[in-house]
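Each protein sequence line maps, in turn, to chains A and B.
Numbered per the UniProt record's numbering, the first sequence finishes at 302, counting up by one with no gaps.
Numbered per the UniProt record's numbering, the second sequence finishes at 265, counting up by one with no gaps.
Calculated from the structure, these hints are not laboratory results.
You may find that some hints are simply not true.
What the hints assert, rightly or not - Over the 10 Å line for every Cβ pair with chain A, so calculated as not near, a few chain B residues:
hint	residue
1	13
2	30
3	75
4	87
5	92
6	98
7	99
8	101
9	102
10	147
11	185
12	192
13	207
14	246
15	247
As the list claims (entries may be wrong) - Here are the simulated DSBU-like cross-link-like pairs (lysine-lysine), alpha carbons at most 30 Å apart as the crow flies:
hint	chain 1	residue 1	chain 2	residue 2
16	A	78	A	112
17	A	132	B	17
18	A	129	B	48
Just so it is clear, CB atoms sit at the ideal spot from N, CA and C, and this is done for glycine as well.
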Amino acid sequence: MSNYAIETVGLNYNFGAQAVVKNLSLQVPKGSIYGFLGPNGAGKTTTIKILLNLLQSPSDQVFIFGKEINSNRIASLKRMGSLVEQPAIYGHLTGKENLLNRCILLGIRKSKCAEMLSLVGLTDAANKKAGKYSLGMKQRLGIALALISDPELLLLDEPTNGLDPNGIIEIRNLMIDLTAKHGKTILVSSHLLAEIERTATHVGIINKGELLFQGTIGALQDLSKPAVKIETDHQEKAISILKNEGIETTPIDELTFSIAYIDKAAMGKINTLLVNNGVSVYSISKERKDLENLFLDITSKN
Amino acid sequence: MRSLYISYISEFYKSRKTLAFWAAIILPVLICGLIAVGYYFNAEKVLKYNYPGMVLWGQYSGASLGVMGMLILPFYVMFMAFSVNNIEHKNDTWKTLFAQPLNKLSIYAAKYLYAVVLLFICLLLFAFLTFTSGYILQMLVPKYTFNDYNPFLVLSKYYTKLFLASLGILSVQFVFSLIWSDFLKPMGIGFVGIIGGIITANVGWAYAYLIPYSAPTLALRITRVSKNAKPEDFPIFTQEIWVSLAVAAAMFIIGYFILLKRNIK
């Protein structure tokens, strides 16, 4: 039995001559919140559509709970709930009717609707036409639709799109709740790292169809090693002093450069060394690249 | 089979608030109602002609068949085929529909079946209302001769034929509406098709029966000719009906492959 809820093996997908997904090997562990990150147009939605078999993948490249998707389409979809792009809801039906319609399609008891409506905070708007919902309400209804079948695996494509800060926090808590208490697996796509940084246990970063990073959120943080930024009155002299001590420097601009951070004592020693050699140190500080910059770094490199 | 059934139920559920659904009920009620009201208030005029029962039924049912069969029915069929698919285009719900654990063919077939059933309901109501309103008129205006002839068989055959003749147009329009999400293209083509169909059928072009859009007109015309002899003795399965059925079957299959293909984009 596979430990992955989703696994793609060297997945390729083209729209005509244009390769949208290149050699993608996603591994989404069961029970994780997998942040699927990438700038707009990176191939996230295409990948999610492939995972839902809305786009036909080559055989033996996509596995849902260890089963090949093309030959197990219905069985796989039974275990999945999804929200792709903007929520697809029938505008002429009320929120409740949209859920009831889904109950009919999935053969679920209709009492589930009220439960879902209260879960996403739409009980008061249950009998309002969904076409008149605000974007945030539509998004909530979309999430309710994805959750109604109580699926083991949720694919959420930018679920916080259009939500206000409160709504974003609610969705975040809901995702944590679903994985922690109910053992669900969630793949959530976003173009903002900050948005899922706090919830995701695993991260995959995609750009131009290629997976640039995949691992736990901790592994991503480890990638961003802290540095010591030093500003002096005499850059060249300072650099040569440190070079003699075997310390590597990276110039940032004319007055500042950085070195690798070891610990506070080492920072103090370097300061003393420079001052004793006649260099005035204007500032010396520890800097950590935040994940957002790291994300930008990773995605802009390719 | 279960997939097909629940998709079909869902189609009903989704569209029960749409105009296409209600039109299937309102159209026959409105047209038959207006004609019946006309026959009630103008009873004296009609009675002057001293029609025997059979001819009176012919005049009476011909009024709704003529208005409806030639023009309103083809347009309704066009509109309905559009509406059934547009519900998904408009709401961008094709993707959710196909992300459900349901057989793709079932989802498609349920839509098609739903359109066919709506058409059936509409025509059934026409036949039923024509039949019952005739007898109600008889009760209200005892001088009428509706009681002298039982039009059940001839009406059933008329409307069965009209139903079969409309399946071709329905299927062609269904596929057009599947391909195009806008209103104008399928409706524009359909409009031209219907006008062309009526013209080719009426000028008696030898190959008119090959055009699905001519089928309802042809179906009505042939029945009218043979009605003078023995009313219920006309064949249902004439050339244009076979063409209509063949077109319907072909379009049903083509539509499915178009839908599969369209999804890949």
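Now for the hints, and whether the structure bears them out:
Distance check for residue 13 of chain B against chain A: the nearest CB is about 5 Å away, which does not clear 10 Å, and the non-interface claim fails. Against the 10 Å criterion, residue 30 of chain B stays outside the reach of chain A, whose nearest CB is about 22 Å from its own CB. Look at residue 75 of chain B: its CB is around 22 Å from the nearest CB on chain A, clear of 10 Å, so calling it non-interface holds up. A beta-carbon of chain A comes within 10 Å of the beta-carbon of residue 87 of chain B; the shortest separation is about 7 Å.
Distance to chain A contradicts residue 92 of chain B as a non-interface residue, since its nearest Cβ pair spans about 5 Å, not more than 10 Å. Against the 10 Å criterion, residue 98 of chain B falls within the reach of chain A, whose nearest CB is about 6 Å from its own CB. A cut-off of 10 Å between C-beta atoms contradicts the statement that residue 99 of chain B is not in contact with chain A; the least separation is 5 Å. Under the 10 Å C-beta cut-off, the non-interface status given to residue 101 of chain B relative to chain A is violated; the minimum distance is some 4 Å.
Some Cβ of chain A comes within 10 Å of the Cβ of residue 102 of chain B; the nearest lies about 7 Å off, and the non-interface call is violated. Residue-level check passed: residue 147 of chain B sits 46 Å from the nearest beta carbon of chain A, beyond 10 Å. The Cβ of residue 185 of chain B lies farther than 10 Å from every Cβ of chain A, with a closest approach of about 22 Å, so its non-interface assignment holds. The claim that residue 192 of chain B lies off the interface holds: its Cβ sits roughly 29 Å from the closest Cβ of chain A, which is beyond the 10 Å cut-off.
Every C-beta of chain A lies more than 10 Å from that of residue 207 of chain B, the closest at about 40 Å, which supports listing it as non-interface. Non-interface call for residue 246 of chain B relative to chain A: holds, since the shortest CB-CB distance, roughly 30 Å, exceeds 10 Å. No beta-carbon of chain A is positioned within 10 Å of the beta-carbon of residue 247 of chain B; the least distance is around 29 Å. Restraint check: the Cα-Cα separation between residue 78 of chain A and residue 112 of chain A comes to about 17 Å, which is no more than 30 Å; the hinted pair holds.
Between residue 132 of chain A and residue 17 of chain B the CA atoms are separated by roughly 16 Å; this keeps the pair inside 30 Å, and the hint holds. Of the supplied pair hints, the one linking residue 129 of chain A and residue 48 of chain B is violated, its CA atoms being roughly 55 Å apart against a limit of 30 Å.
Comparing the model with each numbered hint stated earlier shows that hints 1, 4, 5, 6, 7, 8, 9, 18 do not hold.
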